[in-house]
Amino acid sequence: MASSSSHGVLPHCGLNDSDLVECLSDSTGDRNNVILDTSCDSTANNEVEEFIEGFDDSFSNSAQLWIPNLPDTNLKPYPGQRFSELEDACTFYTNYATTVGFNVRRETQRVRGSIVMHKYVVCSKSGTHDTSMSIISDNSSELSHNDGNGHFVIDRFIEVHNHPMVTEFGKQFLRANRSMNVVHRKFVVDAATTNLGSYRAHALFKSLTGSYSEVGATAKDFQNWMRDVKLFIGKRDVDMLIEKFKTKKETSDGVFFYEYETDSNGHLTRIFWADVQGRQSYDVFGDVISFDATYRTNKYGMVFVPFIGVDNHWKSITFAACLLNHEDITNFTWACEMFLKVFQRPPWCLITDQCPAMKVAIAETFSDSVVHRYWNIVRVVFLGEECYRIAEKPSNYVKMFVAFVSELRLGLFFCAESEFMKKLNKFVWSSHISVAEFEEGWSSVLKEFELSEHIWLNDLYEMRKSWIPAFFRDKPMGGLLRTTSRSESSNFYFNHFVQKGDTLSEFYMCYESAIDKQLYEGKRLDDGDSCVPQSVTEKEIEKDAAQLYTRSMFYKVQTEIKASCYHIKLVGQPIVVDGINKFVVKDKSLNDTLFEVDLCLSTNDVSCSCHLFTRVGYLCRHCFFCLGLWGIEEIPRQFLSNRWMKNAVARFCTLKLGSTIQDSEGYKTRDTSKKVWNEFQGCLGDVCYNKDGLEFLLEELKFLRIRVKQKVNNPCATKDDILQEIYGVRPSTSIIVHPPLQSNNKGCCKRIIGPAERSCDGKDRPKRVCKHCNVKAFHDSRNCPMKGEQLQVNPLENGLNVNVQGSAPPTLNVENLVNVNVQGFVPPNLNVEKSV
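Per the UniProt record's numbering, residue 1 is the first one in the sequence shown, and the count goes up by one each step.
These aren't lab readings, by the way, just hints derived from the structure by calculation. Treat the numbers as computed from the prediction; the structure is a model and nothing was measured. Please note that the accuracy of each hint is not assured.
[Said to hold, decoys possible] Straight-line distance between alpha carbons at most 30 Å, and here's what the computed DSSO-like set of lysine-lysine pairs gives:
#1 K423 / K787
#2 K569 / K423
#3 K422 / K586
[Stated by the list, open to error] Label pairs and their computed distance ranges (CB to CB):
#4 L741 / F652: 31 to 37 Å
#5 K776 / F652: 54 to 60 Å
#6 D686 / Q344: 51 to 57 Å
#7 S452 / Q638: 21 to 27 Å
#8 D605 / V584: 52 to 58 Å
#9 D686 / Q638: 51 to 57 Å
#10 Q638 / S673: 30 to 36 Å
All C-beta atoms, glycine included, are put in the ideal place defined by N, C-alpha and C.
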């Protein structure tokens with residue numbers, strides 16, 4: 001359409017300029033008239049009449065007036081024009097305004113009973129503002145109902161404006177051209193479930209439509225919609241989540257489990273849930289679980305605790321999850337009790353971090369047969385960080401502070417410069433040494449580096465039964481023994497879907513999206529198991545393994561079979577004792593370590609001193625070597641673990657659960673919507689490179705849209721309807737459970753990264769030449785170990801004297817020692833003096 005420069009210009013009117021379109025009826029019979037009056041203000045009727053009849057008598061010379069230039073008169077309203085519906089009249093006027101270049105708004109209306117008598121639709125700039133710089137606009141329409149046939153008829157239409165129309169390029173920013181329809185709104189929420197914010201969602205929508213002009217809304221519109229959603233959910237957040245849980249429980253025949261608790265004021269304090277897939281997976285893979293708290297997943301600061309296991313594809317799988325307001329014994333005990341309530345049996349082994357609250361909760365809830373292991377000790381050895389969180393009594397504060405000061409030398413020097421960690425890890429993480437060998441090796445390393453009296457390392461040694469592999473090398477660990485990052489990687493995975501500002505309703509939608517991806521990956525891998533992988537040896541036992549194990553597990557077994565051919569050597573001759581052949585084999589890949597293998601030919605029972613089968617669930621290379629010596633071409637079936645087999649859940653799950661009911665109205669609507677979208681994508685894909693086909697499809701879609709509007713009575717969806725479609729539940733009118741109070745847990749705030757942690761961050765730092773010793777190393781002249789600097793730390797006068805350079809433990813003078821600040825382990829008034 002023409003720009004403002006092509007519009008006609010008239011002298012300004014002294015009135016509050018407005019355009020009127022009035023629809024009057026012939027009023028035959030009962031005067032049941034409905035008028036849609038679209039004026040910009042409440043100008044007196046005589047002024048309007050004077051304004052319409054001639055501009056000469058009512059205009060002043062204070063400004064200019066514009067009349068839109070519209071070549072297509074069919075789009076222009078005119079007096080006497082009839083419409084069958086009130087909404088059709090409003091839409092026609094809106095389309096006219098959009099075409100010529102101005103926004104509209106619906107003004108006041110007059111109602112008689114339940115029938116609208118007048119309705120005013122005006123230019124968005126109509127009326128006056130409080131400021132002196134306001135623009136008084138003009139254009140409006142007035143409609144009347146009941147012309148004898150129930151039609152709406154245009155009575156008056158004033159075309160003049162006192163402001164220019166927008167340019168052709170600016171028309172895309174008109175309100176009518178950037179409205180957030182249902183597709184936009186659902187797209188923004190769906191993008192949020194994958195941790196895509198409003199601006200990224202807008203950029204992604206642009207890629208789908210081709211250009212920003214075709215999006216139909218601005219990035220700010222996307223952001224405002226998410227803001228409105230959060231405000232609309234408001235205090236009904238928890239009620240919406242619980243209502244969703246109720247719906248899932250009803251549609252799953254009671255299989256979906258959830259439980260929650262509130263405080264005395266009705267605020268949510270903790271909530272636990274487990275879905276159908278999680279309960280079935282636990283029945284097969286629930287021998288070993290790992291759980292750890294993660295933070296910054298919701299706006300309330302609640303701690304998210306997923307219960308993680310390993311499936312038959314060596315992938316993490318989620319059994320259940322909970323949200324807790326605090327990391328304390330009460331909350332963790334409640335979570336463990338809920339876990340036992342839903343799964344009925346405890347796992348064989350629980351792997352956690354060193355959280356003391358978890359330790360107490362596990363000991364109180366589970367039986368003595370449950371083994372509790374720590375998994376993040378190795379990071380502690382490097383950084384000296386986690387062990388200081390386990391203080392439970394004030395009397396430990398001074399000792400921990402001493403350990404912290406002593407740790408300065410260990411973290412800064414040993415982790416980067418010496419062979420300390422390399423030698424220590426040789427005994428810490430070896431799965432092939434005995435307890436006695438570990439204890440002897442630990443002692444020798446600490447003695448070599450003069451750390452035998454190191455308080456912190458001695459504390460770690462006291463906890464050795466909970467984290468050293470040598471102590472449970474003969475215990476089934478289900479693949480979680482060496483994968484110390486299993487829980488951390490799971491938390492990192494969930495953090496790809498959630499944001500710290502999410503409500504609980506949004507958080508659970510993101511959680512469902514993450515679980516859906518887990519299940520999808522599992523199904524994809526199950527489908528890949530239908531193909532048999534290629535063998536690398538000519539052994540029949542390898543082909544047998546390919547038929548039994550999943551592809552991921554087969555490659556691990558294949559590695560052992562291949563190693564049995566190239567790295568294993570028989571030492572001496574086998575000895576037969578009570579019908580059992582005893583072998584001694586040498587493993588070249590493990591520095592010629594000797595292993596003992598027992599083989600019973602009558603039953604094909606085989607065992608090895610490395611205990612790989614006991615620990616993980618498949619035979620080791622030493623066993624495969626001995627089986628090959630006797631020509632056994634199949635894996636003995638007693639050594640097949642169900643958890644690593646193909647289709648393990650479908651074949652070995654003994655838990656009989658009801659089927660999920662998927663015939664609810666909401667599910668059918670969402671499913672049909674997906675089918676319609678898929679059909680449209682299919683049609684577009686069929687003609688995407690054919691110009692004639694695209695034009696044909698466009699015309700058919702326009703025609704189909706007209707038919708849909710004529711046949712389907714689809715009233716404008718309210719925000720409640722949209723949220724019900726998105727979240728699956730309708731927001732409640734009353735609040736039963738209030739949102740949780742803001743929590744402040746240890747992972748909520750950012751902390752200062754210390755130099756020891758920065759130096760051991762796992763990155764390969766380039767070496768540089770030290771100007772003091774002229775050696776290319778990781779240090780410089782300031783911290784060169786050859787300088788012999790001696791640091792004296794005086795946290796308080798006459799209080800604590802620590803010689804960091806020396807290897808002996810610091811001496812503590814408790815006289816006059818008061819108010820030691822152990823938070824962050826930096827004491828007040830810490831003075832560091834250099835001495836030679």
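To see whether the hints hold, each was checked on the structure:
Note on K423 and K787: the hinted pairing holds, with a Cα-Cα distance of about 25 Å set against a maximum of 30 Å. Of the pairs offered as hints, the one joining K569 and K423 holds, with about 27 Å between alpha carbons and a cut-off of 30 Å not exceeded. Taking the CA atoms of K422 and K586, the gap is about 24 Å. The hint holds against a cut of 30 Å. Restraint check, L741 to F652: a C-beta distance of roughly 44 Å breaks the suggested window 31 to 37 Å.
The beta-carbon spacing between K776 and F652, approximately 58 Å, falls within the hinted interval of 54 to 60 Å. Take D686 and Q344: their Cβ atoms lie about 52 Å apart, and the range 51 to 57 Å holds. Checked against the hint of 21 to 27 Å, the pair S452 and Q638 fails, with Cβ atoms roughly 46 Å apart. Between D605 and V584 the Cβ separation comes to about 18 Å, which falls outside the hinted range of 52 to 58 Å.
Evaluation of the 51 to 57 Å hint for D686 and Q638 yields a pass: the beta carbon distance comes to about 56 Å. Checked against the hint of 30 to 36 Å, the C-beta distance between Q638 and S673 comes to roughly 51 Å, which is inconsistent with it.
When each numbered hint is compared with the structure, violations occur for hints 4, 7, 8, 10.
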